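Chemist: The primary structure of each chain is shown beneath.
There are 2 protein chains.
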Amino acid sequence: MMTLLEGKTVGIVGLGLIGASLAAALRSRAVPLRRVGFDLSSDTTSKALHLGLVDVVAEDLHTLCNEADIVVLAVPVLAVPGVLAAMAPHLLNGETLLTDVGSVKGSLIAAVQSVFGELPPWLVPGHPIAGGERSGVDAANPELFARHQVILTPHEFSDFSAIETITELWQSVGADIQMMSVERHDEVLAATSHLPHLLAFSLVDTLAQESEKYEIFHYAAGGFRDFTRIAASDPTMWHDIFLSNDKATLTVLDHYIEHLQGVRKALQTHDGATLKQIFTRAKKARDYFSSILEQRAR
Amino acid sequence: MMTLLEGKTVGIVGLGLIGASLAAALRSRAVPLRRVGFDLSSDTTSKALHLGLVDVVAEDLHTLCNEADIVVLAVPVLAVPGVLAAMAPHLLNGETLLTDVGSVKGSLIAAVQSVFGELPPWLVPGHPIAGGERSGVDAANPELFARHQVILTPHEFSDFSAIETITELWQSVGADIQMMSVERHDEVLAATSHLPHLLAFSLVDTLAQESEKYEIFHYAAGGFRDFTRIAASDPTMWHDIFLSNDKATLTVLDHYIEHLQGVRKALQTHDGATLKQIFTRAKKARDYFSSILEQRAR
Chain A
1 MMTLLEGKTV
11 GIVGLGLIGA
21 SLAAALRSRA
31 VPLRRVGFDL
41 SSDTTSKALH
51 LGLVDVVAED
61 LHTLCNEADI
71 VVLAVPVLAV
81 PGVLAAMAPH
91 LLNGETLLTD
101 VGSVKGSLIA
111 AVQSVFGELP
121 PWLVPGHPIA
131 GGERSGVDAA
141 NPELFARHQV
151 ILTPHEFSDF
161 SAIETITELW
171 QSVGADIQMM
181 SVERHDEVLA
191 ATSHLPHLLA
201 FSLVDTLAQE
211 SEKYEIFHYA
221 AGGFRDFTRI
231 AASDPTMWHD
241 IFLSNDKATL
251 TVLDHYIEHL
261 QGVRKALQTH
271 DGATLKQIFT
281 RAKKARDYFS
291 SILEQRAR
Chain B
1 MMTLLEGKTV
11 GIVGLGLIGA
21 SLAAALRSRA
31 VPLRRVGFDL
41 SSDTTSKALH
51 LGLVDVVAED
61 LHTLCNEADI
71 VVLAVPVLAV
81 PGVLAAMAPH
91 LLNGETLLTD
101 VGSVKGSLIA
111 AVQSVFGELP
121 PWLVPGHPIA
131 GGERSGVDAA
141 NPELFARHQV
151 ILTPHEFSDF
161 SAIETITELW
171 QSVGADIQMM
181 SVERHDEVLA
191 ATSHLPHLLA
201 FSLVDTLAQE
211 SEKYEIFHYA
221 AGGFRDFTRI
231 AASDPTMWHD
241 IFLSNDKATL
251 TVLDHYIEHL
261 QGVRKALQTH
271 DGATLKQIFT
281 RAKKARDYFS
291 SILEQRAR
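Quick mapping for you: the protein sequence lines, in order, are chains A and B.
Using UniProt numbering, read the first sequence as starting at 1 and increasing by one per residue.
Using UniProt numbering, read the second sequence as starting at 1 and increasing by one per residue.
Please keep in mind that the hints were generated in silico from the structure rather than gathered at the bench.
None of the values given here were measured: they were computed from a predicted structure.
Treat the hints with care, as some may be off.
Chain B residues, not near chain A, derived (Cβ > 10 Å throughout) [unchecked claim]:
(1) Asn66
(2) Pro81
(3) Ala110
(4) His259
Where chain A lies over chain B, by a calculated footprint (3+ residues, C-beta under 8 Å) [to be verified]:
(5) 16 to 23
(6) 113 to 122
(7) 128 to 142
(8) 196 to 202
(9) 213 to 220
List of simulated lysine-lysine pairs, DSS-like, C-alpha gap at most 30 Å [stated by the list, open to error]:
(10) A/Lys283 with B/Lys283
(11) A/Lys283 with A/Lys265
(12) A/Lys213 with B/Lys265
(13) B/Lys284 with A/Lys284
(14) A/Lys284 with B/Lys247
(15) B/Lys265 with A/Lys47
(16) B/Lys247 with A/Lys265
(17) B/Lys213 with A/Lys284
(18) B/Lys284 with A/Lys213
(19) A/Lys265 with B/Lys265
From the three backbone atoms N, C-alpha and C, an ideal C-beta is built for every residue, glycine too.
Okay, chain A solo, but in the shape it has when bound:
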């Protein structure tokens, strides 16, 4: 059924966790696509080739663009403008589709407009809602996208067939597709991903400063482990994400700080009714979220 991919070549730029996992998933599911990879680190490309994640490594972006029918940009968010500029002359043929995997879509659109002067029809931005504590090619996981969501944010001039092809690409590795506007994507991700990461980084750093030599962490329990797992993510990647999605993150961060001040006041005034109300509402919402995840797992 995957007729739009048959016999084509996908070029993956950046073989970190997401890029390498996409390559691994395409291989493990025998998706009929030739896989060409590119990465600035020759260590990484050697490993990707050795592990059989890619069929061939492109020596440069020029070669990759020449060979690929579909280019997947899987580099850190702040590296996108430079990589786009380098690829621009080779993408202008209009036959190569371009998608990406970045956690922020507004900055990708801005970079494309700045490099190409327009939003080309062969551009379909995307964002797989998947990741992990570990990063890099060694963490490649062929099941990373299975039953996970990929949000596509096509723009008003995106080719319909380009949207179809990118949809098939992600469906072929087991993902579910959601369509959303760029603005809504960045708001939703600020709330459900970027803010939680900010809070976790901030909590762990606060506690590290509470006690000498991390002594306090010796008494932390399983709940704390889960709560801070996301603070083990790659600092550079998150630095890029926050600087790229600063406005939406600030908006929801301000809502959060306001909420926290309310909780603080209830605590200080021993207003147990308000605390219980908040906790009960939160548990109800969390239980709902849990039920979504259970349904999805089935």
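Please build the complex by placing chain B on the supplied structure of chain A, with the hints as guidance.
Modeler: Relative to the frame of chain A, chain B by itself:
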């Protein structure tokens, strides 16, 4: 080797997750203790008896105190003063040991002082650092305490043999024992457990208010699931904990809000260097915490 427990009777007051799991663990490890249980809910006591968690159900606290050599108080933190007052006449024989499992130790000490007018030698407060998303007798888990820490906070008049007996009780179900002052316990738990729960409840409630019908939760990923798991905990239990450990929680909450304001400012001024510094420090601390957990699991 468990000579201090041999032939004795333990009375467990409150057969929620912790009380029922202690009973289950004592049974599953064949610890030579008779197990008497008490709970206000007859549904709960029937189940505990039916599942074989307890050998016998006490009809009232008077009976339980009469039968038990060791009483384990496993009721919500704010229920402690009332239960203590009801048990007081039967504990005053001085032969029954008393311990508890509460997440706050300062309020337990205050309740004991208020009911008994002193800190009796047969009191050894305790706190198993263990729990779970589910609560109640149905969630009883005999392995809940295995390789988990139990913090004991004996006071200056606690009998040495009482401390030894309670230590053996928890070691017999696989726990590691830590000794700590009441004040330090409440500070450490405020930072590593109470604050994270407050932040998680607050985040989930903030997001629930961001979108109609929880729509936003449909786009949340695995990291968000982990981050908010603790917001599914029992609201009443946490209401009690926060009202009992308000001072230590407020102190560390204020440190956290101050830290968050610094992060907010860095975000607003696009101060990437500060953001990366914070994230890198946090990742280092989180990786250290991760290594503690790995060592413990071995």
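Chemist: The structure should be examined with respect to each hint, and the outcome stated for every one.
Modeler: Against the structure, the hints:
No beta-carbon of chain A comes within 10 Å of the beta-carbon of B/Asn66; the shortest separation is about 35 Å. Under the 10 Å C-beta cut-off, the non-interface status given to B/Pro81 relative to chain A holds; the minimum distance is some 15 Å. Distance check on B/Ala110: its Cβ is at least 15 Å (rounded) from any Cβ of chain A, clearing the 10 Å threshold; non-interface status holds. Its closest Cβ contact with chain A, about 5 Å, brings B/His259 to no more than 10 Å, contrary to its assignment away from the interface.
Proximity of the region 16 to 23 of chain B to chain A, defined as three or more residues with a beta carbon under 8 Å from a beta carbon of that chain, is not established by the 0 residues found. Residues of the region 113 to 122 of chain B lying with their CB closer than 8 Å to a CB of chain A number 0, which falls below the three-residue condition for coverage. Counting residues of the region 128 to 142 of chain B whose CB falls under 8 Å from any CB of chain A gives 3; the rule of at least 3 is met. Chain A is given as covering the region 196 to 202 of chain B, and this holds because 7 residues of the stretch bring a CB closer than 8 Å to a CB of that chain, at least three being needed.
Under the rule that three or more residues need a Cβ within less than 8 Å of chain A, the assignment of the region 213 to 220 of chain B holds, with 6 such residues. Of the supplied pair hints, the one linking A/Lys283 and B/Lys283 holds, its CA atoms being roughly 28 Å apart against a limit of 30 Å. For the hint linking A/Lys283 to A/Lys265, the alpha-carbon distance of about 20 Å falls within 30 Å, and the restraint holds. Taking the CA atoms of A/Lys213 and B/Lys265, the gap is near 27 Å; set against the 30 Å cutoff, the hint holds.
Restraint check for B/Lys284 and A/Lys284: not satisfied, since their Cα atoms lie roughly 34 Å apart, outside the 30 Å limit. Between the alpha carbons of A/Lys284 and B/Lys247 the distance comes to roughly 28 Å, so the proposed pair stays at or under 30 Å and holds. For a cut-off of 30 Å, the pair hint linking B/Lys265 to A/Lys47 is broken: about 40 Å separates their Cα positions. Taken as a hint, the B/Lys247 and A/Lys265 pair is honoured in the structure, with Cα atoms around 12 Å apart against an allowance of 30 Å.
Between B/Lys213 and A/Lys284, the direct Cα distance comes to roughly 12 Å. Compliance with the 30 Å bound is thereby established for this hinted pair. A threshold of 30 Å between alpha carbons decides the hint, and for B/Lys284 with A/Lys213 the separation of about 12 Å falls inside it, so the pair holds. Simply put, A/Lys265 and B/Lys265 have alpha-carbon atoms about 23 Å apart, close enough for the 30 Å limit, and the pair holds.
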